[in-house]
Every structure is written in structure tokens, then in C-alpha cells.
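Visitor: Residue numbers (this note's numbering): 13 to 314.
Quick caveat, the hints were computed from the structure, so don't treat them as lab data. From a predicted model like this one, the values you see are computed outputs, not experimental measurements. Watch out, some of these pointers could steer you wrong.
Unchecked claim - Now the in silico label distances, taken between C-beta atoms and shown as ranges:
1. Leu288 x Ser72: 23 to 29 Å
2. Ile65 x Pro150: 42 to 48 Å
3. Trp80 x Ile43: 51 to 57 Å
4. Phe85 x Val284: 23 to 29 Å
5. Ser51 x Ser234: 23 to 29 Å
6. Leu166 x Thr269: 23 to 29 Å
7. Val67 x Tyr143: 55 to 61 Å
8. Tyr79 x Trp291: 34 to 40 Å
9. Pro159 x Arg56: 44 to 50 Å
10. Val137 x Trp69: 44 to 50 Å
11. Ile211 x Tyr143: 19 to 25 Å
12. Pro159 x Lys55: 41 to 47 Å
13. Val284 x Ile211: 50 to 56 Å
For each residue, glycine too, the CB sits at the ideal point set by N, CA and C.
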Amino acid sequence: MSLETPAAKAASGGAGGPETALPVLETEQDIMARAKQASARRKRNIWLLRLAIVVVWLGSWELTATYWIDPFFYSKPSNIWQRLVEWFSTGTDFGSIWYNIFTTVEEALLGFVIGAIAGVVLGVVLGRSEYLAQVLAPFIKAANALPRIVLAALFVIWFGLGLSSKVATVVVLVFFAVFFNAFTGAREVDRNLIDNARILGATRGQVLKSIVLPSATSWILSSLHVAFGFALIGAVVGEYTGAKAGMGFLISNAQGTFDTAGVYAGMLIITVVALLAEWGIGTLEGRLLRWRPNVSSAAQGI
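Work out the full structure: start from the sequences and follow the hints.
Guide: As C-alpha cells, then:
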């Protein structure tokens, strides 16, 4: 099968022409250019479809809340937009919206870092020590079974309404999300690699640094995507339980005053923060895992 460009076919005058020109094969640059065009077209179509879904969803919500359902209970996109404009232009009743966003992000980041480090360290240690894993397994399972909302209430009693209680709630949520992935990643290391390294004289620390941690990196970074979402949830839940500022506090106050638009506006801001964090973690993951084979294009969009 030969690849012949349209120009070559036209020059030959068709299959039945009196003169037959030599077929012109596509160069590698032509193939790459066509692949890039197809990829760009596919991405454009994906974004257009996403935009269409958002437009249809918001439009149907606006029309339904205007003509069929009570916007007092369900609000509508125009009211949510007005609340966002009000918050970002004149502020809220509890200070600048940026101050409240920063408060929630600060709580989430501090708890995320502490919980992630603790989860990685303990997960890798227990993943490489069968004896310690068996000893501590029932305690870890029991701690993971505790209801987080109850812990958030206890943390408010113990640490007050300030930063500490929110960070403690975030740490609890993030720790288990990271711990189980780090534990599994450390357990899934190829035993033959470790045995070969030991034969070559590698110490336990060298095996951990050069084999175990790189092998578990994929598991750990995958857990961070979920963990930061849990970090934001923990911060909001902690603020919802009791706080002086933060997005969870604004949402709680909006609920108490039947400000449905304020509830949705707070949720939207938290969603945007989560998406930005997801983008940052994804970028970091791509740089740290350049050695990993590329996944299929269908899985990249998930």
C-alpha cells in the first residue's frame, strides 16, 4: 500500500491517464503535522462539548428557577453571580473574601503537608515491615473507622476555634488517604530487585532510597490528587463546626440566614481552588514521573 498525496493524484490525471506519475510518499514531518492537527481538533471539540454542557446546565437551571421552582430554596445562576460580584467587590459581612479564601487554603495546605508526610513515612515503614504492620493493623483500622465529623467537633473543644482545630481535622483526612497508597506501593515493590540489590551489598537505607521510594512514587502521587480534595473538605468541615473566618464559615452563615446563593457561591469558590490545586499536583506528577510510559489518550482526560 503506497501513500500518495492528492497533488500527486491530480498530476497523474487519475488512474486511467495517459501518463502515470511516480507516487509521492508522505514524509515524517507531514505525518507529524497531520497528527498534531488531529490532536488539536480533538482537544477543541472536547472543550466545546464541555462548554455546551455547562451552558445547557446553567441555562436550564436559570429557566427552571425563574418559571417553575422557588429560587428562594434553589437559587439560580444569576443570583449566584450577583453574590460573587458582591463578595469580590465589596467584601462579605466577615471581612474580605480573599481573607476568607486564604484562611481556608492555609488550613488545608498545613494539614495537607503534615498529613501527607506522616502518611508517606508510616505507610512506607509498615509496608516494608510485616511485623509492625500486623501489630498496628487493628489500631489503624479502628482510627480510620472513626467518624470525621465527630473528630472535628472534638478538635474544636480541644484546640478552640482557631487554626489548630482545622489543621487537625485536615491531617486526619489526608493521612489515611496517603497512608494506604504508600503502604500498598511499598508492598508492591519487585522482590527480585531488592534481593539483587542486597546481593550487590546495598544497605537497608540504600534499598529504601533507591528502590522502594521510587517504586512507590506513582502510588503516593496518585493519592495526593484525592488527598488535597480531602484537605479542603476537612478545612470546610472544621470551619462549619466552629470558626471565626473561612469559606466553611461563610457557607455556614449563609445557610443560617437562608442565603442559598451564598451557599452555592462558597461551594463554587472552593471548587475553583480545588481545580487549581489539582492542576498543580498534576503538573508536579508529570515532572516527577517522566520516566513512566505515557498512558492512553483516553485515560489522560480523567
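Visitor: Would you pick out the hints that fail for this structure and give their numbers low to high?
Guide: none
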